[in-house]
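For this one, chain A is given, so just place chain B on it according to the hints.
Sequence lines, in order, name chains A and B. Going by the working numbering, the first sequence wraps up at 118, each residue one higher than the last. Going by the working numbering, the second sequence wraps up at 108, each residue one higher than the last.
Simulated from the structure, these hints should not be mistaken for lab results. Fair warning: there could be bad hints in the mix.
Unchecked claim - Quick look at which bits of chain A chain B covers, simulated, 3 or more residues with Cβ under 8 Å:
1. 40-53
2. 105-113
What the hints assert, rightly or not - Computed cross-link-like contacts, BS3-like style, restricted to lysine-lysine with a CA-CA straight-line distance of at most 30 Å:
3. A/62 / A/78
4. B/57 / B/68
5. A/78 / A/16
6. B/81 / A/11
7. B/81 / B/100
8. A/78 / B/76
9. B/76 / B/57
10. A/78 / A/11
11. A/78 / A/15
12. B/100 / A/62
13. A/11 / A/71
14. A/15 / B/81
15. B/100 / A/11
16. B/100 / B/76
17. B/100 / B/68
As the list claims (entries may be wrong) - If we take Cβ atoms under 8 Å as the criterion, some of the chain B residues that face chain A in the derived model are:
18. 33
19. 41
20. 42
21. 43
22. 45
23. 87
24. 92
25. 94
26. 95
27. 105
28. 108
All values reported here derive from a predicted model rather than from experimental measurement. Idealized CB from N, CA, C, for every residue including glycine.
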Amino acid sequence: EAGVVQSPRYKIIEKKQPVAFWCNPISGHNTLYWYLQNLGQGPELLIRYENEEAVDDSQLPKDRFSAERLKGVDSTLKIQPAELGDSAVYLCASSSSRANHQETYEQYFGPGTRLTVT
Amino acid sequence: GQNIDQPTEMTATEGAIVQINCTYQTSGFNGLFWYQQHAGEAPTFLSYNVLDGLEEKGRFSSFLSRSKGYSYLLLKELQMKDSASYLCAVKGYSTLTFGKGTMLLVSP
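If we strip away everything but chain A, and leave its shape as in the complex, we get (with noise of 0.2 Å):
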């Protein structure tokens, strides 16, 4: 089974130029999970989705970050203008909020965008 897919791996771009991440969560999982990460942090979350539905968005600042999922499996984070300060690991998550036996409800994250803002 194919793990949560990111792109691309590595991205620099200068301040205020436009940036886009993209997400495709293992199959069949309806929610679906942004995080960001600094260096010797851990992950702290951007927005949450089920299935296309955006529950979660209290953390994203929306003045320059927006996401989408549209048909409710892929989904796109964007940032612009970027900043210096949005350097960063942008990580995708999902689950399914059909919980295994173990009803643990875990997160599979994928490998993570680096985002670098000169």
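Showing chain B alone in chain A's frame:
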């Protein structure tokens, strides 16, 4: 909100046992997760506790005390490949909140 504390860094020797502690204060609790993250890689699931007690899975065990807001991850028979960051994460009403992670360095 959630507040999660874990040590920043720990060192141990190959073959030894190490315990990584995590304390938390939450407004809602629906389970505690431990994830392992190697440098430059995605976090991977290690364990899940929702009831008090010890969960054992091979060389790794995780303990939870809900009344004390406390958990630990126990790693036995340490191997060099166990050098990684270990993330404690608490599930609230609907989302996971992660601690900053404990960087474990295993030396020969």
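Status of each hint after checking the structure:
1. 40-53: holds (count 7)
2. 105-113: The restraint on the stretch 105-113 of chain A holds, since 8 of its residues have a Cβ under 8 Å from chain B and three suffice.
3. A/62 / A/78: 10 Å, holds
4. B/57 / B/68: Roughly 23 Å separates the two Cα atoms, so the pair holds.
5. A/78 / A/16: Status holds; Cα separation ~13 Å.
6. B/81 / A/11: 28 Å, holds
7. B/81 / B/100: 21 Å, holds
8. A/78 / B/76: With a Cα-Cα distance of about 42 Å, the restraint between residue 78 of chain A and residue 76 of chain B is violated, given a limit of 30 Å.
9. B/76 / B/57: Holds, because 11 Å separates the two Cα atoms, which is no more than 30 Å.
10. A/78 / A/11: 13 Å, holds
11. A/78 / A/15: Given that 30 Å is the threshold and the Cα spacing comes to 14 Å, the pair holds.
12. B/100 / A/62: Holds. Residue 100 of chain B to residue 62 of chain A sits at ~24 Å (cutoff 30 Å).
13. A/11 / A/71: Given pair residue 11 of chain A, residue 71 of chain A holds - Cα atoms ~26 Å apart, limit 30 Å.
14. A/15 / B/81: With Cα atoms ~37 Å apart, residue 15 of chain A and residue 81 of chain B exceed 30 Å; violated.
15. B/100 / A/11: 24 Å, holds
16. B/100 / B/76: 23 Å, holds
17. B/100 / B/68: Measuring from Cα to Cα gives roughly 20 Å; hence the hint holds.
18. 33: Cβ of residue 33 of chain B sits 7 Å from chain A, so the hint holds.
19. 41: Cβ of residue 41 of chain B sits 7 Å from chain A, so the hint holds.
20. 42: 4 Å, holds
21. 43: Hint holds; residue 43 of chain B Cβ to chain A Cβ min 5 Å, cut 8 Å.
22. 45: 5 Å, holds
23. 87: 5 Å, holds
24. 92: Since the shortest Cβ distance to chain A is 11 Å, the answer is violated.
25. 94: 7 Å, holds
26. 95: Cβ of residue 95 of chain B sits 6 Å from chain A, so the hint holds.
27. 105: 14 Å, violated
28. 108: Violated - the Cβ of residue 108 of chain B stays beyond 8 Å from chain A, reaching only about 25 Å at its closest.
In terms of the numbered hints stated before, the structure departs from hints 8, 14, 24, 27 and 28, listed from lowest to highest.
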